[in-house]
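Student: From first to last, the protein sequence lines are chains A and B. Residue numbers for the first sequence follow UniProt numbering, beginning at 1 and rising by one. Residue numbers for the second sequence follow UniProt numbering, beginning at 1 and rising by one.
These are calculated hints, taken from the structure and not from any lab test. Honestly, I wouldn't trust all of these hints.
[Unchecked claim] Okay, derived cross-link-like pairs now, EDC-like style, lysine to aspartate or glutamate, Cα gap no bigger than 20 Å in a straight line:
(1) A/K165 x B/D232
(2) B/K306 x B/D285
(3) B/K143 x A/E95
(4) B/K165 x A/E294
(5) B/K15 x B/E5
(6) B/K387 x B/E221
(7) A/K15 x A/E56
(8) B/K74 x A/D88
(9) A/K74 x B/D239
(10) A/K169 x B/D232
(11) B/K250 x A/E131
(12) B/K165 x B/E221
(13) B/K343 x B/D285
(14) A/K274 x A/D232
(15) A/K134 x B/E205
(16) B/K134 x A/E294
(17) A/K74 x B/E221
(18) A/K250 x B/D358
(19) A/K74 x B/D285
(20) B/K204 x A/D232
(21) A/K134 x A/D144
(22) B/K306 x B/E278
(23) B/K16 x B/E5
(24) A/K204 x B/D285
(25) A/K302 x B/D88
(26) B/K74 x A/D232
(27) B/K387 x B/E180
(28) B/K74 x A/D239
(29) A/K343 x A/E268
(30) B/K16 x B/E80
(31) B/K134 x A/D144
(32) A/K143 x B/E131
(33) B/K169 x A/D232
(34) B/K74 x A/E221
(35) A/K134 x B/E131
(36) B/K302 x A/D88
(37) B/K143 x A/E294
(38) B/K274 x B/D285
(39) A/K143 x B/E5
(40) A/K74 x B/D232
There are 2 protein chains.
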Amino acid sequence: MFALEEYTRRLEAVKKRMVDEGVDVLLISNPSNMYYLTNYSAWSFYVHQMMVVTLEDAQPLWIGRQMDANGVAKTTWLDEHHIIAYPDFYVQSTERHPIDFVANILTEIGQSRRTIGIEMDVHYFTALCYERLKHGLPNATFKDTSSLVNIIRLIKSQNEITYMKRAGKIVENAMTAAYECVQVGVRESDVAAAIYYAQIKGTKEFGGDYTSIVPMMPTNENTSCPHLTWTDRPYQKGDFLTLEIAGAYKRYHAPMARTMAIGTAPNEVKELAKVVEEGIEATLDFIRPGIRAEEVERVWSKTIGKYGHRKSSRLGYSVGLSFPPDWGEHTVSFRPGDETILKPNMTFHLMPGIWYNDYGVEITETIHITDQGVELLTNFPRDLYEKPVLSVISDEHTS
Amino acid sequence: MFALEEYTRRLEAVKKRMVDEGVDVLLISNPSNMYYLTNYSAWSFYVHQMMVVTLEDAQPLWIGRQMDANGVAKTTWLDEHHIIAYPDFYVQSTERHPIDFVANILTEIGQSRRTIGIEMDVHYFTALCYERLKHGLPNATFKDTSSLVNIIRLIKSQNEITYMKRAGKIVENAMTAAYECVQVGVRESDVAAAIYYAQIKGTKEFGGDYTSIVPMMPTNENTSCPHLTWTDRPYQKGDFLTLEIAGAYKRYHAPMARTMAIGTAPNEVKELAKVVEEGIEATLDFIRPGIRAEEVERVWSKTIGKYGHRKSSRLGYSVGLSFPPDWGEHTVSFRPGDETILKPNMTFHLMPGIWYNDYGVEITETIHITDQGVELLTNFPRDLYEKPVLSVISDEHTS
């Protein structure tokens, strides 16, 4: 846990935005936002739970499942008066819904007639949650505040940057492990295992955390499908693959993707990799505080456009702390129309993946906007990696 | 992918239930249900996507993000006419919502005035998804079909049981890896890394898949908080921990929990472990097809009640294929009031965890209801494990 003052500062920023948006009560379903405000990180978000911020109260209120209440008490700065548990018979029941319980609590604490901000488009706040909330609080006014806390998360503190740099060290180790492990006869699952081991083991100084997206590592023509994971097929000579992974330290992420081949990569992959590398360099040269997010994409598009290439998907997105299923922060994207001004201590996954019908290339970086420009959170060669093929494969690789 | 006939049979069962429930069109947001019907397993569910089943069509329709369309084409049995992609500017946009696109497609294919089943309480179908759907389809009638497909998933095919047994082998290996790795001076994250490595590496015959919940492994008084994950604190002599993990093979899970100590466990933990073991044995002796889910809990409660213990949370839940954030199927639970009749080829996580304020014990099994009784999907000693403490710790353990 950070020092209490970091959480207090975050909570004050949230309350300020609540006032600006005319919201009296903020309901938080996003586990990333719960963690941001309180350090609560248990894997309890598969059942309904809710954090409640009111303008009056110096602490958020957590409402969740009975068996998770102790975890809140032991790992956050909330006192016992701010931890309210519902009985287990609410869990995945066809008769009762946990949000009925939440609505009752809100009524009991006098919040049933107020303007209540809810995270309308957040995984974990389901359609039924909203229906039950409206049913239980007929006199409340609801307002969509899906990204109210997320926007505050955009600018990182020095502590957060330190955590992301640790995550950067971890992803360097994990990518190195993949490079070392990949070989003819080695299965995709063996490489995935090596990556996971490095991700969680961390370094001698600090251990790793799980990442909010699993390793994505499609091979050959499947590199056109960036979100496929792995199989247990053994690699063959001439295979090529993209590998998008992250390192995580205490829920803070540094994603990174690279493209590699076992032996020699196909010419079109090599050529596209070079174009992507040039695009990254031109983009990094350009990025600095004060420019708009869409301008980053424009520089990229112009650079790769010279070679007849184009990318129809966004060029990147803000990144930081997160919980599954996504490591993006769901705020700023590098794409046309996003006029957000870049500021110091924003962090992004610069994601220049290009996916054609039969092949793709991914070479990405996690970047930190500094006072004057930009720095990388990892230090790892960007070139397409061609793994020398061993002529003799030992038993070790296939066991 | 299974043989096409397995998917056809599943789809027919879904359509039969749709008819029974008076639904013309079924919208599927749950990635587990998408996978069940089509084999689609990419990690693309962090953006909105939808599968559409209509009574008339012999194939489901997939609607999702442009960059994921190739993955659907290459890994499922859907033909190109059943894969529809929305442009990337719909992703996490403040101006457009992917469900607007989905509603337009439903209108174009003549489904806008029908009775449409939606998964109201499924992660990934957010409150805003429902609002946009209602807005886009003002003449449709909506019905909550949150568990329509899930209930069909309750009874497994022989192929599915085979997959779960493979998952069982993997979790045995992962728990063995934890037992071997845990030691004074070894960090929690080191043990987690060993578990992950075994989970993903799998066996010589088959590789492992990621599990839908990460290893949960609280230590000492935190064993009262079952859903905490790990830190990088080194274990000390006398520590005890609960470890709840799973093995996964092609998205099918076999969860298992055990309780262990480094050195000697506290007496109250040892005693509670014995009571839990006796409760498990009595429960397993009782379970057979034809009984009600609530009766399983009753036998358990009576057995542990003799020793003055009680468990307020459910004793287990159906389990099988799943995607994060949960490996439960969200249908049947072993708890009072659940009158589901157990049938052959149902599978459950028998979850007799007991969590008191200062300590907890977890010893669990994944079980398969057979024609006559029950079988375990794993073969692993249930006794509380006391790891002999090494007097000299090598560098290896802390590096």
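Student: A separate judgement is required for each hint: does it hold in the structure or not?
Tutor: Hints and how they fare:
1. Note on A/K165 and B/D232: the hinted pairing holds, with a Cα-Cα distance of about 17 Å set against a maximum of 20 Å.
2. Our distance criterion of 20 Å between C-alpha atoms is met by B/K306 and B/D285, whose separation comes to about 17 Å.
3. A distance of roughly 16 Å separates the Cα atoms of B/K143 and A/E95; the hinted pair therefore holds under the 20 Å criterion.
4. Proposed proximity of B/K165 and A/E294 is contradicted: the alpha carbons are some 50 Å apart, above 20 Å.
5. Proximity of B/K15 to B/E5 is assessed by CA-CA distance (about 15 Å); at most 20 Å being required, the pair is judged to hold.
6. Taken as a hint, the B/K387 and B/E221 pair is honoured in the structure, with Cα atoms around 19 Å apart against an allowance of 20 Å.
7. Pair hint A/K15 plus A/E56 holds up; C-alpha atoms about 9 Å apart against a cutoff of 20 Å.
8. Proposed proximity of B/K74 and A/D88 is contradicted: the alpha carbons are some 42 Å apart, above 20 Å.
9. Proposed proximity of A/K74 and B/D239 is supported: the alpha carbons are some 17 Å apart, at most 20 Å.
10. A threshold of 20 Å between alpha carbons decides the hint, and for A/K169 with B/D232 the separation of about 16 Å falls inside it, so the pair holds.
11. Annotation: proposed proximity of B/K250 to A/E131 is violated, straight-line Cα distance about 35 Å (limit 20 Å).
12. Under the criterion of a C-alpha separation no larger than 20 Å, the hint pairing B/K165 with B/E221 is inconsistent with the structure, at around 33 Å.
13. With a C-alpha separation of about 16 Å, the suggested pair B/K343 and B/D285 falls inside the 20 Å cut-off, and the hint holds.
14. The hinted pair formed by A/K274 and A/D232 fails the criterion: a straight-line CA distance of about 30 Å is larger than 20 Å.
15. A hinted pair counts as satisfied when its Cα atoms are at most 20 Å apart, and A/K134 with B/E205 does not qualify at roughly 52 Å.
16. At roughly 32 Å between alpha-carbon atoms, B/K134 and A/E294 are farther apart than 20 Å, so this suggested pair is violated.
17. Between A/K74 and B/E221, the direct Cα distance comes to roughly 9 Å. Compliance with the 20 Å bound is thereby established for this hinted pair.
18. Of the supplied pair hints, the one linking A/K250 and B/D358 is violated, its CA atoms being roughly 24 Å apart against a limit of 20 Å.
19. Between A/K74 and B/D285, the direct Cα distance comes to roughly 38 Å. Violation of the 20 Å bound is thereby established for this hinted pair.
20. The straight-line distance between the Cα atoms of B/K204 and A/D232 is roughly 10 Å, inside the 20 Å bound, and the hint therefore holds.
21. About 13 Å separates the Cα atoms of A/K134 and A/D144, which keeps this hinted pair within 20 Å; it holds.
22. With a C-alpha separation of about 11 Å, the suggested pair B/K306 and B/E278 falls inside the 20 Å cut-off, and the hint holds.
23. The hinted pair formed by B/K16 and B/E5 meets the criterion: a straight-line CA distance of about 16 Å does not exceed 20 Å.
24. The suggested pairing of A/K204 with B/D285 is violated, with an alpha-carbon distance near 47 Å, which exceeds 20 Å.
25. Note on A/K302 and B/D88: the hinted pairing holds, with a Cα-Cα distance of about 19 Å set against a maximum of 20 Å.
26. Straight-line distance between C-alpha atoms of B/K74 and A/D232 comes to about 17 Å, which keeps the hinted pair within the 20 Å bound.
27. For a cut-off of 20 Å, the pair hint linking B/K387 to B/E180 stands: about 9 Å separates their Cα positions.
28. A hinted pair counts as satisfied when its Cα atoms are at most 20 Å apart, and B/K74 with A/D239 qualifies at roughly 17 Å.
29. As the CA atoms of A/K343 and A/E268 are separated by approximately 37 Å, the hinted pair breaks the 20 Å bound.
30. Between B/K16 and B/E80 the CA atoms are separated by roughly 25 Å; this puts the pair beyond 20 Å, and the hint is violated.
31. With a C-alpha separation of about 17 Å, the suggested pair B/K134 and A/D144 falls inside the 20 Å cut-off, and the hint holds.
32. The suggested pairing of A/K143 with B/E131 holds, with an alpha-carbon distance near 13 Å, which does not exceed 20 Å.
33. In summary, the hint linking B/K169 to A/D232 is supported, as the alpha carbons are separated by about 16 Å, within the 20 Å threshold.
34. For the suggested pair B/K74 and A/E221, the alpha carbons sit about 9 Å apart, so the restraint of at most 20 Å is met.
35. For the suggested pair A/K134 and B/E131, the alpha carbons sit about 13 Å apart, so the restraint of at most 20 Å is met.
36. Taking the CA atoms of B/K302 and A/D88, the gap is about 19 Å. The hint holds against a cut of 20 Å.
37. With a CA separation close to 41 Å, the supplied pair B/K143 and A/E294 exceeds the 20 Å bound.
38. Under the criterion of a C-alpha separation no larger than 20 Å, the hint pairing B/K274 with B/D285 is consistent with the structure, at around 17 Å.
39. Taking the CA atoms of A/K143 and B/E5, the gap is near 47 Å; set against the 20 Å cutoff, the hint is violated.
40. Of the pairs offered as hints, the one joining A/K74 and B/D232 holds, with about 17 Å between alpha carbons and a cut-off of 20 Å not exceeded.
In terms of the numbered hints stated before, the structure departs from hints 4, 8, 11, 12, 14, 15, 16, 18, 19, 24, 29, 30, 37, 39, listed from lowest to highest.
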